[in-house]
Amino acid sequence: MTNQRAILAVADLSVDLGGRSILRDVSFDLHPGQLCALIGENGAGKTTLLRTLLGLISQRTGTVMIDGEAPRKHRALVGYVPQKITFDPDLPLRTRDLVRLGLDGHRLGLPLWNTRTHAAVDAALQAVGAEDFADRRVGELSGGQQQRAVIAHALVRKPRLLILDEPLANLDFGSANALVDLLGKLIAQQQMTVLVTAHDMNPLIPVMDRLVYLVDGRAATGKVAEVVQPEVLSKLYGYPVSVLRHGGRILVLPDAPENADVANLNRCAGH
Amino acid sequence: MWAFLSSQPVQTALIVGTCAALVSALIGVFTVLRGNAFAGHALADVSSAGGAASFLLGISPLLGFLGMAWIAAFGMEFLGVRKARERDLATGVVLGAGLGLSALFLYLDVTTTSTTGATVSVMFGSLFAISRGLIWPAILAVLAVFALVGGFYRPLILTAVDPDLATLRGVSPRWMGLLQLLVLGLAVAVCALAIGAVLATALLIGPAGAAIRLSRRPLQAIVWAMLMALAAVWMGIWMAYESYYWFSGNAWPVSFFVVALIFLFYLLAMLGSAQQRKFRYRAATALPGIQES
Chain A
1 MTNQRAILAV ADLSVDLGGR SILRDVSFDL HPGQLCALIG ENGAGKTTLL RTLLGLISQR
61 TGTVMIDGEA PRKHRALVGY VPQKITFDPD LPLRTRDLVR LGLDGHRLGL PLWNTRTHAA
121 VDAALQAVGA EDFADRRVGE LSGGQQQRAV IAHALVRKPR LLILDEPLAN LDFGSANALV
181 DLLGKLIAQQ QMTVLVTAHD MNPLIPVMDR LVYLVDGRAA TGKVAEVVQP EVLSKLYGYP
241 VSVLRHGGRI LVLPDAPENA DVANLNRCAG H
Chain B
1 MWAFLSSQPV QTALIVGTCA ALVSALIGVF TVLRGNAFAG HALADVSSAG GAASFLLGIS
61 PLLGFLGMAW IAAFGMEFLG VRKARERDLA TGVVLGAGLG LSALFLYLDV TTTSTTGATV
121 SVMFGSLFAI SRGLIWPAIL AVLAVFALVG GFYRPLILTA VDPDLATLRG VSPRWMGLLQ
181 LLVLGLAVAV CALAIGAVLA TALLIGPAGA AIRLSRRPLQ AIVWAMLMAL AAVWMGIWMA
241 YESYYWFSGN AWPVSFFVVA LIFLFYLLAM LGSAQQRKFR YRAATALPGI QES
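Chains A and B, in that order, give the protein sequences. Under full-length UniProt numbering, the first residue of the first sequence carries the number 1, and numbering increases by one thereafter. Under full-length UniProt numbering, the first residue of the second sequence carries the number 1, and numbering increases by one thereafter.
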């Protein structure tokens with residue numbers, strides 16, 4: 001798999017917003033069929049990284065390549081599911097219409113009925129299990145259903161890379177598990193490549209191949225077993241942390257102050 | 001009925017009224033979807049300054065309304081639209097300045113020209129007093145609005161749903177916003193001509209707001225809005241014509257009837273959609289399997 005061309009290649013990426021440095025020297029590759037989790041706390045720079053990958057923000061230095069080209073040239077290859085879209089309950093738009101806008105929302109002229117469009121929309125609705133609410137207004141769906149509708153909107157153009165921003169936030173355990181299953185299914189059945197951001201990596205552990213662990217704009221990347229190690233993460237946080245593993249779950253905890261290596265702390269404080 | 005239809009002012013009123021109903025319903029749906037109702041209202045009010053100036057300059061009132069609406073549209077876009085609060089602020093500031101100009105021009109109309117009734121006709125419209133020469137310009141404006149909205153139908157809808165999703169499809173929300181304001185200016189000019197600058201909002205927002213509550217699809221909302229706007233305008237014209245006999249020779253203004261009917265339709269749509277929702281809720285709770293929503 002690794003000898004295939006990377007669908008996403010990020011090299012030495014640094015991004016500033018409003019004069020503040022948000023991302024520093026972030027590098028990682030993503031190959032077809034992989035699921036990569038982008039883990040970090042609020043404010044670590046996850047959304048900024050995603051928006052840079054989508055070509056919505058320009059970087060200060062470094063490169064982003066999507067299938068070997070700049071993001072702006074490859075919009076059709078990328079499907080994006082934003083963190084939260086608030087649909088007005090009165091919005092006169094069925095789930096089906098929202099999905100169709102993903103296919104031809106940029107086109108000029110009136111939307112005419114045609115079999116091919118219809119089939120593509122049905123396939124996307126089916127892929128996310130949204131057939132049951134296809135004809136209801138998006139505004140009156142539950143949060144989990146709205147999310148599926150937006151995923152179908154992103155999937156309908158058959159992107160090769162699907163990017164989801166915090167898809168597990170605002171979901172209860174059951175819906176979160178259902179979503180993780182759905183992502184696994186998309187990768188297995190459609191050879192999709194998926195990039196997901198989350199502040200908690202645990203729900204994603206069963207399906208993720210790669211991990212980008214983001215702390216304050218800097219990243220450690222690799223396989224879960226490589227990245228989630230006390231030494232790697234302590235260096236990233238600039239503070240000693242412990243990694244606890246229990247029943248397939250992982251917990252990253254800061255060490256208690258009295259155990260902290262004061263010399264290490266001083267050394268890292270200058271970053 | 002024959003006397004009604006064969007009267008020339010009535011014919012002109014019906015044609016211009018139909019134009020106003022069609023454009024306002026169409027662009028009104030997009031305006032309401034984007035939560036731009038206040039900007040629409042402000043554009044209409046500010047256009048009154050153009051209507052008032054047209055008397056001074058001796059140009060067509062339609063051009064006056066349109067010119068001022070477009071200047072206001074650019075002004076609002078230019079003054080900043082990043083956040084909803086800033087947008088309201090910019091809109092409010094432009095609205096105040098525009099109405100101030102309007103006050104000046106209307107004063108000058110009355111003092112320097114022999115125009116009587118300019119204030120009423122600019123602010124509240126006088127559909128029966130429209131000159132026949134304005135029919136073709138009004139129809140042209142309608143065609144322009146239909147061509148632009150038809151051409152950019154999907155990008156406009158996508159932008160109204162979510163600007164970020166639009167950007168990702170290569171649609172610029174900024175350009176779509178500007179296009180919408182320009183088209184809104186055209187619609188406002190025709191509406192202001194028909195029922196007055198101040199009342200144009202009613203035609204712009206009322207039918208669209210009611211239609212959106214009743215529809216599940218954008219196109220359906222547009223059709224409903226058009227039907228309601230046409231019904232209000234046609235019935236309003238007829239009632240104003242007949243009111244001459246109801247009130248022993250003192251006919252009431254058309255604009256009043258049109259706006260009253262729109263308000264009535266809006267109330268009915270609110271009641272209707274509340275009923276619809278109650279019914280849907282019952283259906284959803286009665287059937288197992290849909291309950292998870």
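Calculated from the structure, these hints are not laboratory results. In this text, all values refer to a predicted model and were calculated from it rather than measured experimentally. Quick reminder that beta carbons are idealized off the backbone N, C-alpha and C, glycines included. Take these hints with a grain of salt, some might be off.
[To be verified] Residues on chain B that point at chain A, a partial pick, calculated with CB under 10 Å:
1. A37
2. R85
3. I157
4. L158
[As the list claims (entries may be wrong)] Covered stretches of chain A, as calculated for chain B (at least 3 residues, CB under 8 Å):
5. 85-93
6. 106-119
Do the hints match the structure? See the list:
no. : hint    : result
1   : A37     : violated, 13 Å
2   : R85     : violated, 17 Å
3   : I157    : holds, 7 Å
4   : L158    : holds, 4 Å
5   : 85-93   : holds (count 6)
6   : 106-119 : holds (count 6)
Of the hints listed earlier, those the structure fails to meet are numbers 1, 2, in rising order.
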